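Here is what each chain is made of, one letter per residue.
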Amino acid sequence: MARKTQGPEIERLIQLLARMPGLGPRSARKAALALLKRRADLLEPLSRAMSEAAERLRDCPVCGNLDTVAPCTICSDERRDRTMIVVVEEIGDLWALERAGVVNGLYHVLGGHLSPLDGIGPDQLAIPRLVERAVPPVTEVLLALNATVEGQSTAHYVREQIAASGVAVSVLQQGVPVGGELDYLDDGTLAAAIRSRRPL
Amino acid sequence: MWISRLVLTDFRNHARLELNLDRRPVVLAGANGAGKTNVLEAVSLLAAGQGLRRAAYPELIRRAGAGGWAVAATLETDAGPVEIGTGLDPSRPDAARGGRIVRINGEPQSGSGALAGLVEMAWLLPSMDGLFTGPAGDRRRFLDRLVLGFDAGHAMRAGQFERAMRQRNRLLEDGVRDAARFRGLEHVLAETGVALAAARVATVAGIVRMIEARHARTPDSPFPWAALALEGALEADLTAGRPAVDVEDRYLESLASGRERDRAAGRTLEGPHRSDLVVGHGPKGMPADASSTGEQKALLIGLVLAHAELLAERRSGAAPILLLDEIAAHLDVRRRAALFREIRLLGSQAWLTGTDPIAFEALLNDAQFIPVRDDGIGRQAVSPHPADDDLSI
Numbered sequence: 001m002a003r004k005t006q007g008p009e010i011e012r013l014i015q016l017l018a019r020m021p022g023l024g025p026r027s028a029r030k031a032a033l034a035l036l037k038r039r040a041d042l043l044e045p046l047s048r049a050m051s052e053a054a055e056r057l058r059d060c061p062v063c064g065n066l067d068t069v070a071p072c073t074i075c076s077d078e079r080r081d082r083t084m085i086v087v088v089e090e091i092g093d094l095w096a097l098e099r100a101g102v103v104n105g106l107y108h109v110l111g112g113h114l115s116p117l118d119g120i121g122p123d124q125l126a127i128p129r130l131v132e133r134a135v136p137p138v139t140e141v142l143l144a145l146n147a148t149v150e151g152q153s154t155a156h157y158v159r160e161q162i163a164a165s166g167v168a169v170s171v172l173q174q175g176v177p178v179g180g181e182l183d184y185l186d187d188g189t190l191a192a193a194i195r196s197r198r199p200l
Numbered sequence: 201m202w203i204s205r206l207v208l209t210d211f212r213n214h215a216r217l218e219l220n221l222d223r224r225p226v227v228l229a230g231a232n233g234a235g236k237t238n239v240l241e242a243v244s245l246l247a248a249g250q251g252l253r254r255a256a257y258p259e260l261i262r263r264a265g266a267g268g269w270a271v272a273a274t275l276e277t278d279a280g281p282v283e284i285g286t287g288l289d290p291s292r293p294d295a296a297r298g299g300r301i302v303r304i305n306g307e308p309q310s311g312s313g314a315l316a317g318l319v320e321m322a323w324l325l326p327s328m329d330g331l332f333t334g335p336a337g338d339r340r341r342f343l344d345r346l347v348l349g350f351d352a353g354h355a356m357r358a359g360q361f362e363r364a365m366r367q368r369n370r371l372l373e374d375g376v377r378d379a380a381r382f383r384g385l386e387h388v389l390a391e392t393g394v395a396l397a398a399a400r401v402a403t404v405a406g407i408v409r410m411i412e413a414r415h416a417r418t419p420d421s422p423f424p425w426a427a428l429a430l431e432g433a434l435e436a437d438l439t440a441g442r443p444a445v446d447v448e449d450r451y452l453e454s455l456a457s458g459r460e461r462d463r464a465a466g467r468t469l470e471g472p473h474r475s476d477l478v479v480g481h482g483p484k485g486m487p488a489d490a491s492s493t494g495e496q497k498a499l500l501i502g503l504v505l506a507h508a509e510l511l512a513e514r515r516s517g518a519a520p521i522l523l524l525d526e527i528a529a530h531l532d533v534r535r536r537a538a539l540f541r542e543i544r545l546l547g548s549q550a551w552l553t554g555t556d557p558i559a560f561e562a563l564l565n566d567a568q569f570i571p572v573r574d575d576g577i578g579r580q581a582v583s584p585h586p587a588d589d590d591l592s593i
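Residue numbers (the working numbering), protein chains in the order written: chain A, 1 to 200; chain B, 201 to 593.
Hints listed in this document are in silico derivations from the structure and should not be mistaken for laboratory results. All of these numbers come straight from a predicted model, not from anything done at the bench. The reader is advised that the hints may include incorrect statements.
Unchecked claim - So the derived list for chain A, only partly shown, Cβ under 10 angstroms to chain B, looks like this:
(1) C75
(2) L114
(3) S115
(4) G121
(5) P122
(6) S153
(7) A155
(8) H156
(9) D186
(10) G188
(11) A191
(12) I194
(13) S196
Unchecked claim - Over 10 angstroms on every C-beta distance to chain A, these chain B residues come out as not near it, computed from the model:
(14) A264
(15) I558
(16) A562
All C-beta atoms, glycine included, are put in the ideal place defined by N, C-alpha and C.
Starting from the given sequences, assemble the full structure and let the hints guide the process.
Quick look at the structure:
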């Protein structure tokens, strides 16, 4: 049997850190050690920040975003354009769009995509709530879903569900990335770029 | 294109193997079980895909080895040498996802697909002898492999089609009747399915053209010309000249109207995953599967050579690498000599294996002979050839 090298508290910290995405047992050990060594300026503030976040964390009842206020900061922001809803699969996608600062509208987080193989149907996603939201003053729903088989088939399904409301539905353009050279693009991306060409 | 250097590390039975080669055909001779086909398999992993045995990557690890395998090669191309490295390192955290490491000139790639536009290869194995008599799936896979030489995105689209089909099959199985749930997936199926069928139609048309040119050039070739036809609703529509968008719409409708039928069958019954490549013995005007074993082999060789020539034509003369396992086995002296002549004419660095070096006698001065033993590999004295020495007659 392996000998114990540290107390159970530290062992537990390592185990929990190892569950974080991107961290394995080795990097969890490294992270734990960094925290322990920097008790005052890292471990304690982090621990306080985490318990405060855990205490106040709310699911936004409107869009499905995570925040410490409900409705979330984005949904409560009066300066945002209330005629547009951008639909994303995950909160990470919302964050990515916010980071880019290109969306002034509201969001709707589906919480994944339709995948019969994984037992995920419309009831497991926030699709019914989106249908309820897609009414005036909303005039456009932008489906910013992944360009995967599941993302595309989910977009198709959502579009059909909203169709009756009369709200315009748009999807993200697929094609040449900004700063991209044509020569390096795969055939599928090139074909998508040609299909979605526009007059200059 | 040709391989000037090949290094295997802990690959199957080879602990370490290093070959320095010139552009001539390579003959690997050795006893049964010496690991000749393993060398071909290693070479096949320099191209996109799972290799010629389609083995799971962990299976390639040498038993007594350090627990991983690697194949490194220098590929000589028109644009200069390219270093390709591929392998499996189980200690890396991403190894569990089942992919292999691929590097081109030292740069890590996201998958073997990056090799598709770079290395072209065609192979013939004893296990393909039953291609014409076996299940349609084998012929479809054979054809899709040929398509990959012209359309690097073919494998990706096939993957998307299969994924969408599995999702749809699950909906059928779960008894879902909400048509909207099917339509999203069926759109993906129609779009990718028609693209797959179109790539097949284009490839077959190219090969047919090349078969005709070969027949006109050598009407008495010992490799009879093959009559090719694609069996499949999408392929038939496209061959008839219907616009792809119309074929897509028709396939969509047929998927929608076929849902109950598919539900009863438990799977999607219509689509490019059910197509077949129908091959006939041209001169005799009969189905390939009705020909003799030797004739089937000759037909298959003719088909592979036509494809190789078509690839060479697209690459302005740069012939693909041919991997021909135990090729001499079913061929009489005349066909063997004709095959070697074809290889020389094509200018391909063909890799041939056999138990008996005598079978390759006709190639004596035009090939590099490498004896393979289970405990390693040796090189017989090979007359030095300058790299630009060409093989044309």
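Hints, one by one, checked against the model:
1. C75: 27 angstroms, violated
2. L114: Nearest chain B Cβ about 7 angstroms off; hint holds.
3. S115: 7 angstroms, holds
4. G121: 7 angstroms, holds
5. P122: 7 angstroms, holds
6. S153: Holds. Min distance 3 angstroms.
7. A155: Given a least distance of 7 angstroms, the restraint on A:A155 holds.
8. H156: With Cβ-Cβ at 3 angstroms, under 10 angstroms, it holds.
9. D186: 6 angstroms, holds
10. G188: Where the cut-off is 10 angstroms and the nearest Cβ of chain B is about 5 angstroms from A:G188, the hint holds.
11. A191: 8 angstroms, holds
12. I194: With Cβ-Cβ at 13 angstroms, over 10 angstroms, it is violated.
13. S196: 14 angstroms, violated
14. A264: 28 angstroms, holds
15. I558: Since the minimum Cβ distance to chain A is about 46 angstroms, B:I558 lies beyond 10 angstroms and the statement holds.
16. A562: Non-interface label stands for B:A562: nearest chain A Cβ at 41 angstroms, farther than 10 angstroms.
Hint compliance for this structure: hints 1, 12 and 13 are not met, and every other hint is.
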